[in-house]
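Read off the chains here:
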Amino acid sequence: MNHSSHKRMTLPFPFALMLAINVGFLIIAFVIDRPASIIEGFVTIVTSRVVLVTDFIAVGGLGATLVNVAIIGILSVIMFIKSGAKPSGATIMALWVTAGFAFFGKNVYNMIPLTIGVWLFSRFKKEPYSNYHLASLLVGTLSPIVSEISFLGIFSPPIEIALGSLLGICIGFIFPAVSAHMVRMHSGYDLYSMGFAGGLIAMILSTTANSMGLRTYPVSVYSYGNNTVMAIIMYAVAATLIISGLFTGGGVKANLATYRKFFSHSGRLITDFYFLYKNTIYINMGLLCAFATTVTLLIGAELNGISAAGIFTMVGFGCFGKHIKNVPPIIIGALLSAYLNIWPFTSPANVASILFAAALAPLAGQFGIIWGIVAGFLHVSVAMHVGALCGGLNLYNNGFAAGFIAMILLPIITISERMRKNHED
Amino acid sequence: MKIKFEKIMAITSELLSYCHSNGAKEFHLDISESDDAIVLTMRACLEHMPDKEMERLHTALSAPRQREIEQDYWELIGESETHSEMTLVGMLCDETAVQYRDNELSITLKRYA
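Chains as they are written, first to last, in our numbering: chain A, 3 to 427; chain B, 163 to 275.
Chain A with its partners taken away, still in its complex shape (with noise of 0.2 angstroms):
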């Protein structure tokens, strides 16, 4: 008699949660736009230069860039789940950060010389890939530097994709030992940190390019006049991620008082909201949707593709490091910056600035507001510049802005910290 067992395996609740969502962008994606468009507008995406500052929305459509996003969110569960990977605050974060940058900067082409770059580190080290998987999608911050060679117009289509691919595998080859050791350098209190590993490997290809003669230069190329659809979408996904928090567990009144807890954290990395308060971070995660949404509203910006990105960066982060008390100082900063600087108030760079400066929560959280608010100020006034220094090949450029920020703020707080404290004993 044969005995047949069925081992049944249960899709952890974070990956369902991130393909529940992804497929809701499909759907509506082909609710608000006709398919030949949407196709059309896919392919677009997909064989156009990625370099900064492209919105996908511009380039392809809402419709197109929906299903990019969606594209690339359910990929990069799959590949989460395939290799037996186990949700955590860093992988539920890198999920949609990756996801995020679909709206601009990646797509299903270039983002796989350089996954398979890290994979074959992983196969140098000898080390399980598994090991690899936050590099393997957060390399995705040097995709530009594949799209731009692979469809660069000067030689043979099919020359200039392998050279894309074979630079895109070099790259994705020392991403993870480069930006292994960059966190050292800002101590953890710069939450993009895998920006400012690329910021500086993009630094020194595009500076060592353009003293060849071959000078890349930052575009802007952004939408507009999609405020009404991505606002609905926005808060749809902040209030589906506000309704999983609150009632999966142990039911709505415990789980506001675990959300409490994430406040006695400075954010600085290593903070594991999902370790430390499993689905509870839906609350977090929602509410700094919303917080994000309003923001860029009440401002008066677009809501276009790059501050999508910003959206859901801080969505991300919001089981890794952010909550909704180490972040407004940064931004309240990064509002007086924006406001004050010669560029108008709302234009998309000062709004991309704003939304990611929050990868310097954890100053705010570790040395008061007033500490926050200086470097959301700084930030604003950096991150404006540090994109032509990389020829604006780095997608995640505030994360390097932010790197250079905190590397200089700790040293001034640590001793300002130790006068006051001197100065009350």
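Simulated from the structure, these hints should not be mistaken for lab results.
What you are looking at is a predicted structure, and each value in this text was computed from that prediction instead of being measured.
One or more hints might be untrue.
[As the list claims (entries may be wrong)] Quick list of in silico lysine to any residue cross-link-like pairs, SDA-like style, CA-CA up to 20 angstroms:
(1) B:K169 <-> A:K423
(2) A:K127 <-> A:C172
(3) B:K166 <-> A:F126
(4) A:K255 <-> A:I244
(5) B:K272 <-> B:A259
(6) A:K423 <-> B:G185
[Unchecked claim] If you want a taste of the chain B side facing chain A, the calculated C-beta under 10 angstroms gives, among others:
(7) L208
(8) E215
(9) L250
Yeah, the Cβ is synthetic: ideal placement off N, Cα and C, and Gly gets one too.
Once you have looked at the hints, place chain B on chain A.
Below, chain B without anything else, positioned relative to chain A:
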């Protein structure tokens, strides 16, 4: 079989730093390496260890091993400014045990290859 000793040194530095910042003046460290694991035990003489701190330490060290985190963030260990590093220590270890008895804090960590 490959156990990276540089990570053990970083963990040791973190534990020393943690115990020192909590008032320890005397430390005892045992490290034993076998084919597939390293066991690290630190004992520190501490006159007082508040229950709340003990609970926080236990929570931090009971973080499950997260190899994908390890690769990208292990270099943050060793600064002991906040509890986040002790959580990271937990994420680098497979088994942990913490005990405070007779003015002695004992931390035992086991890390497989």
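Cross-check of the supplied hints:
Between K169 (chain B) and K423 (chain A) the CA atoms are separated by roughly 34 angstroms; this puts the pair beyond 20 angstroms, and the hint is violated. At roughly 15 angstroms between alpha-carbon atoms, K127 (chain A) and C172 (chain A) fall within 20 angstroms of each other, so this suggested pair holds. For a cut-off of 20 angstroms, the pair hint linking K166 (chain B) to F126 (chain A) stands: about 16 angstroms separates their Cα positions. A distance of roughly 13 angstroms separates the Cα atoms of K255 (chain A) and I244 (chain A); the hinted pair therefore holds under the 20 angstroms criterion.
Distance restraint check for K272 (chain B) and A259 (chain B): the Cα-Cα separation of roughly 9 angstroms lies within the 20 angstroms cut-off, and the hinted pair is therefore satisfied. Simply put, K423 (chain A) and G185 (chain B) have alpha-carbon atoms about 19 angstroms apart, close enough for the 20 angstroms limit, and the pair holds. Using the Cβ-Cβ criterion of 10 angstroms, the hint placing L208 (chain B) at the interface with chain A is not satisfied: the shortest such distance is roughly 23 angstroms. Given the 10 angstroms rule on beta carbons, the hint for E215 (chain B) is violated: about 13 angstroms separates it from the nearest Cβ of chain A.
Taking 10 angstroms as the C-beta cut-off, the interface hint given for L250 (chain B) holds, the closest approach to chain A being about 5 angstroms.
In summary, the numbered hints that this structure violates are 1, 7 and 8.
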